[in-house]
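K.L.:
Chain by chain, the residues:
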Amino acid sequence: MSKREISGYRFRLPDRQEVIASLSRLLDAKSAYHLWSQACEALRLPIGREELELEELQRLANWFMQQDSLAKLVGCSLNVRLIAFSQLSLRSEDLGGQHE
Amino acid sequence: MSDQTRSRTDIEREQARLQEILDLDLLNREWSERLQDLVQRASEDLKLPTALVSLVLDGAQYFAASHGLGGWLEAANGTPVEWAFCKFAVEDKEPFIVQDATTHAKVKDNPLVKIDGVRCYLGIPLITSRGLAVGTLCVLGGEEREFSDEDKARMHQLAAQVVARIEARAGRGIIA
Chain A
7 MSKREISGYR FRLPDRQEVI ASLSRLLDAK SAYHLWSQAC EALRLPIGRE ELELEELQRL
67 ANWFMQQDSL AKLVGCSLNV RLIAFSQLSL RSEDLGGQHE
Chain B
350 MSDQTRSRTD IEREQARLQE ILDLDLLNRE WSERLQDLVQ RASEDLKLPT ALVSLVLDGA
410 QYFAASHGLG GWLEAANGTP VEWAFCKFAV EDKEPFIVQD ATTHAKVKDN PLVKIDGVRC
470 YLGIPLITSR GLAVGTLCVL GGEEREFSDE DKARMHQLAA QVVARIEARA GRGIIA
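So the protein sequences, as listed, match chains A and B. So the first sequence is residues 7 to 106, counted in this note's numbering. So the second sequence is residues 350 to 525, counted in this note's numbering.
Treat the hints as calculated values from the structure; they're not laboratory data. Take these hints with a grain of salt, some might be off.
Derived CB-CB ranges, DEER-like [to be verified]:
hint: 1; chain 1: A; residue 1: S13; chain 2: B; residue 2: A519; range: 39 to 47 Å
hint: 2; chain 1: B; residue 1: D394; chain 2: A; residue 2: H40; range: 46 to 54 Å
hint: 3; chain 1: A; residue 1: S43; chain 2: B; residue 2: D394; range: 24 to 32 Å
hint: 4; chain 1: B; residue 1: E393; chain 2: A; residue 2: L49; range: 40 to 48 Å
hint: 5; chain 1: B; residue 1: R378; chain 2: A; residue 2: S13; range: 48 to 56 Å
hint: 6; chain 1: B; residue 1: G419; chain 2: A; residue 2: G14; range: 15 to 23 Å
hint: 7; chain 1: B; residue 1: E493; chain 2: A; residue 2: I53; range: 48 to 56 Å
A virtual CB, placed ideally from N, CA and C, is assigned to each residue, including glycine.
Build the full structure now, drawing on both the sequences and the hints.
P.N.:
Next up, the structure:
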């Protein structure tokens with residue numbers, strides 16, 4: 007298991023496809039990809055990389071939250087998920103390694 | 350109605366519901382203070398440690414206001430949506446009631462139950478004047494609990510006050 011997962015909670019960091027899928031559920035697919043490209047360009051992130059680091063995902067979440075559309079909700083959701091992941095990772099380590 | 354049409358209708362309905370959350374500016378952090386008295390009253394009146402106004406988003410539930418939270422839930426100010434008890438109340442537009450989460454088919458395997466010890470829950474959907482359920486007013490605790498008719502009635506009253514206050518802020522009604 008990678009450090010992108012917390013086994014006890016069956017919870018993992020989202021990858022690029024999952025974030026774009028979240029955008030696509032609220033916007034149309036074309037707009038979702040356009041927004042993803044815009045975000046990556048603004049944040050100087052590689053558009054095509056599948057696995058993004060926690061810190062990169064947090065910057066993306068904050069960027070989406072600045073948008074004046076349903077993408078703001080994707081940003082808020084992503085932000086909650088990332089903080090939960092970060093907090094539960096720490097707790098799992100405290101509990102002796104549910105998270106490896 | 351074909352599956353495809355129904356699916357498109359479901360998507361449009363969900364988009365309208367989420368747009369309502371934006372239109373009402375419910376992600377504004379000021380709601381925490383504006384609704385604090387109502388979540389506190391829910392906790393006190395129901396004699397349970399935790400009460401929330403939870404907004405059900407696409408990927409998470411987000412706590413617009415809370416009383417009695419601690420640990421990682423307080424830090425995250427929400428949970429992944431797949432763990433949200435509140436989504437059942439929002440989907441059905443009906444109260445969702447859990448007397449004992451460890452035996453309830455919908456939530457017994459939920460990490461909030463298995464790891465974090467949530468045992469009882471009562472959530473009332475927050476349905477706006479446009480007929481859209483944006484979230485819930487809910488209470489939860491760590492002990493089994495049978496909710497009385499009085500408990501449910503009180504939560505309905507408080508949920509109505511939450512909706513009235515939210516809509517008044519958007520210029521749709523009178524301040525509760």
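K.L.:
All hints are to be evaluated individually against the structure, with a verdict given for each.
P.N.:
Here's how the hints hold up against the structure:
1. A:S13 / B:A519: 39 to 47 Å: The hinted range 39 to 47 Å holds for S13 of chain A and A519 of chain B, with Cβ atoms some 43 Å apart.
2. B:D394 / A:H40: 46 to 54 Å: 48 Å, holds
3. A:S43 / B:D394: 24 to 32 Å: 50 Å, violated
4. B:E393 / A:L49: 40 to 48 Å: 44 Å, holds
5. B:R378 / A:S13: 48 to 56 Å: 33 Å, violated
6. B:G419 / A:G14: 15 to 23 Å: Hint holds: Cβ distance 19 Å, inside 15 to 23 Å.
7. B:E493 / A:I53: 48 to 56 Å: 51 Å, holds
Consistency note: the structure conflicts with the earlier hints numbered 3, 5.
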